[in-house]
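What follows is each chain in one-letter form.
There are 2 protein chains.
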Amino acid sequence: MTDDRIFQLPTREIPKKWLNIQPSLPEPVPPMLSPADGKPVPLEAFLTLFPMGLLEQEVSQQREISIPDEVLKVYSLFRPTPLIRAKFLEEVLGTPAMIFFKNESVAPTGSHKPNTAIAQAYYNKKEGVKKLVTETGAGQWGSALALAGAHFDLDINVFMVRASYEQKPYRKIMMETYGAKVQPSPSKDTQIGKKMLEDKRNYPGSLGIAISEAVEVAATSGGTVKYALGSVLNHVLMHQTVIGLEARAVLEDLGLYPDVVIACHGGGSNFGGIAIPFMEDKISGKRNTEFVASEPLACPSLSKGIYAYDFGDSGKLIPLAKMYTLGHGFIPPSVHAGGLRYHGAAPIVSLLNSKGLIRAEALRQKETFEAAVLFARTEGIIPAPESAHAIASAIRVAKKCKETGEKKVILFNLSGHGHFDMQAYEQYFAGKLEDYEYPEKEILKAEKDLPKVG
Amino acid sequence: MTDDRIFQLPTREIPKKWLNIQPSLPEPVPPMLSPADGKPVPLEAFLTLFPMGLLEQEVSQQREISIPDEVLKVYSLFRPTPLIRAKFLEEVLGTPAMIFFKNESVAPTGSHKPNTAIAQAYYNKKEGVKKLVTETGAGQWGSALALAGAHFDLDINVFMVRASYEQKPYRKIMMETYGAKVQPSPSKDTQIGKKMLEDKRNYPGSLGIAISEAVEVAATSGGTVKYALGSVLNHVLMHQTVIGLEARAVLEDLGLYPDVVIACHGGGSNFGGIAIPFMEDKISGKRNTEFVASEPLACPSLSKGIYAYDFGDSGKLIPLAKMYTLGHGFIPPSVHAGGLRYHGAAPIVSLLNSKGLIRAEALRQKETFEAAVLFARTEGIIPAPESAHAIASAIRVAKKCKETGEKKVILFNLSGHGHFDMQAYEQYFAGKLEDYEYPEKEILKAEKDLPKVG
Chain Y
1 MTDDRIFQLP TREIPKKWLN IQPSLPEPVP PMLSPADGKP VPLEAFLTLF
51 PMGLLEQEVS QQREISIPDE VLKVYSLFRP TPLIRAKFLE EVLGTPAMIF
101 FKNESVAPTG SHKPNTAIAQ AYYNKKEGVK KLVTETGAGQ WGSALALAGA
151 HFDLDINVFM VRASYEQKPY RKIMMETYGA KVQPSPSKDT QIGKKMLEDK
201 RNYPGSLGIA ISEAVEVAAT SGGTVKYALG SVLNHVLMHQ TVIGLEARAV
251 LEDLGLYPDV VIACHGGGSN FGGIAIPFME DKISGKRNTE FVASEPLACP
301 SLSKGIYAYD FGDSGKLIPL AKMYTLGHGF IPPSVHAGGL RYHGAAPIVS
351 LLNSKGLIRA EALRQKETFE AAVLFARTEG IIPAPESAHA IASAIRVAKK
401 CKETGEKKVI LFNLSGHGHF DMQAYEQYFA GKLEDYEYPE KEILKAEKDL
451 PKVG
Chain C
1001 MTDDRIFQLP TREIPKKWLN IQPSLPEPVP PMLSPADGKP VPLEAFLTLF
1051 PMGLLEQEVS QQREISIPDE VLKVYSLFRP TPLIRAKFLE EVLGTPAMIF
1101 FKNESVAPTG SHKPNTAIAQ AYYNKKEGVK KLVTETGAGQ WGSALALAGA
1151 HFDLDINVFM VRASYEQKPY RKIMMETYGA KVQPSPSKDT QIGKKMLEDK
1201 RNYPGSLGIA ISEAVEVAAT SGGTVKYALG SVLNHVLMHQ TVIGLEARAV
1251 LEDLGLYPDV VIACHGGGSN FGGIAIPFME DKISGKRNTE FVASEPLACP
1301 SLSKGIYAYD FGDSGKLIPL AKMYTLGHGF IPPSVHAGGL RYHGAAPIVS
1351 LLNSKGLIRA EALRQKETFE AAVLFARTEG IIPAPESAHA IASAIRVAKK
1401 CKETGEKKVI LFNLSGHGHF DMQAYEQYFA GKLEDYEYPE KEILKAEKDL
1451 PKVG
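Protein sequences appear in the order of chains Y and C.
For the first sequence, the residue numbers in my numbering are 1 to 454.
For the second sequence, the residue numbers in my numbering are 1001 to 1454.
Just so you know, these hints were derived from the structure itself, not from any lab.
Certain hints may be false.
Examples of chain Y residues toward chain C, derived with CB under 10 Å [said to hold, decoys possible]:
1) V59
2) T109
3) F278
Anything over 12 Å on all C-beta distances counts as not near chain C; from chain Y, calculated [stated by the list, open to error]:
4) F46
5) G149
6) P333
No residue lacks a Cβ here, since even glycine has one placed at the ideal position from N, Cα and C.
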């Protein structure tokens, strides 16, 4: 084992293929259903929202899909990202475990989101699309699509949840710097937005409302505008597998294989991205790797949700997906890990969870910030509140190793940095961090509200 | 020439020695003088402020100085930093030049400053110091010292210019996350601070005032507290040579040598850091590399200043240094490149400039932000307003190459990212950026106010 700390593959070793887990799953991903008749929605029905190139990937049963040269070129802006051995954290924990993290925070926008934004922009451009519309909460996804739009000469319109738009202006300016147009949601530019604004309580907005607004704009554009989603969908998770593929390549060079793979879980894309390239070996029984999906106790979709068909957005514009859900009516409390405030979960991750292939772990906000500050003072990087969940779960495993003496290899994904989340740290230091816990009785209401299909 | 874009040396190739330019200079760096008698200040007189380890480096005539293992270990947090070929920028400019940049923005605090902060913390710790006190303007330096303090178990107190403290709270929170104590300057905790606060115009503070406050705390501590400075001094520039040494090593591997080396210039440390490892060849006549120091037209110390002995701080607590100066009474207008708002310049850079070895270039704020936005939309990284000066100068050279057809190799230092400077971008997009120009007649006043020594 070398003494190196940062492991960086050269540009030429960016993965040339995405890994599609679908053919390797224990059973097929349940299809999306129409809420009207409960029947599977034909692929063509999605063409108002997505280009065929992405829809084909969404249902593909091909194990590997070549990454186009144009996408590889833009990936070279920041890929391969470094794999880092967290030696300083190991030392302060006194653990015999080896902790590695994949540093996706080095992407120019500060998170893993460009991995799919670049691919989505490319396939849209290829099919003649001129404009993409999307939603963003804290802004990680909107920034990523804005950067991708600059590279593929696409107009990017972002509906940003108004609470974030007003409280976190820096992300908005970042998107504008990349050339995107950003507007607060709910807006008066859509029917859904106008309807939502009739109830003043909707004024601060939510991710569910912003999705509905963006979908409406694309669906009513007559084909010139398409929609882009930053997580949840099968093709999004597949684009993110570059994370795990690079990590696997470096660990193989070191003669290592992770015993535990950890990522935070919101919609499921960064979790899928790092987990999928190691998951096949688990499904086939070749390896007994532990997979930990780390989520907020305030919004514990995988830990406490129901595995059922549900709506993905507030406006009920998107077909039903089978997923772990806390109910489409559940509005998660405003924890600082905004990217983890989603009532549902990716259908692929949900299927894996239902088969017992993943262990979901729900954490209190306070534990994640304690982990984040320890990480900053040892490894230097101030993590995004979302990524702090992965760090906290990694620390739990490392501490257990200290008790048992096990020299486990821990791999977690540092999905992003916290430079645009410093307010959250300020609240933490001021002792003002609220610790929300999902009220278990809510799940009964969620169950009652589920659409009657599937 | 390979097609790779990101060039990353492994951890084990972090430079093992700093390069001290002093023995290779055309003539010795003029000594610091006492304002009282105009005589050189003996080294021991500085012991109230700095540990002997750093003072020895300040006057050393040894060409190379070994980097202690403890420093190398903490450098491995982020070093070696990547050298990146700016292919996307080259393409959009249509230049035959090759543009490389050293990406110091990947340091956890977002700039090159930890290169010297880590070294300074180490030498202080080694000599039994418990606490370091310093000043910071926009916060880059304070963050770096805070991070270094976390690694060497030192208390860090930062006097932050009040205007920044109030307008840019995120940098303050970053320092606190690393465990530092931050207070606004002028403060009531020092004699200088109290005196300054008697005049309400001093309430927003300045770097000069903050330096004086920090120096006062150290000088009156009875030896337990020392002071740390983030630029200007010889040992600081030497610590920063890891930037240029790494860049040189990668370029050598590629069979290249830069025709032009560019960095922004404030106090001189990032410029010295990238320039010095190529400067010896210029001094000896072996190479005819062009060195460009890019500074704001609002504070053009090297371009318009006088080469003379002057005070480095407002409180006149620090001995006189021979440098290019706009006068110690000059308060630079509040351009967004806060790190470049210094009336003086590093003695080493000043000497090189006086010998015609450097070309200083003063740029309007608007040109630098145009360059920054073009860089963000092509290379992805949103640069700090300081670093945007280097980018703008690199673009000037690349455009000239397009005219002449020259295939020059351009190397510039990306000293930091702009994640904590997004307000500046907002003002730029809103057309609210003011374009200050140094009033040439001011230099007559500066000349008159110079101390009568040397």
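Checked hints:
1. V59: 32 Å, violated
2. T109: Result: holds, 8 Å to nearest chain C Cβ.
3. F278: At 24 Å from the nearest chain C Cβ, F278 (chain Y) fails the 10 Å test, so the hint is violated.
4. F46: Correct as stated: the minimum Cβ-Cβ distance to chain C is 30 Å, above 12 Å.
5. G149: Given a closest Cβ separation of 10 Å, the condition is violated.
6. P333: For P333 (chain Y), whose nearest Cβ neighbour in chain C is about 22 Å away, the distance exceeds 12 Å, so it holds.
Hints 1, 3 and 5 from the list above are not met by this structure, while the remaining hints are.
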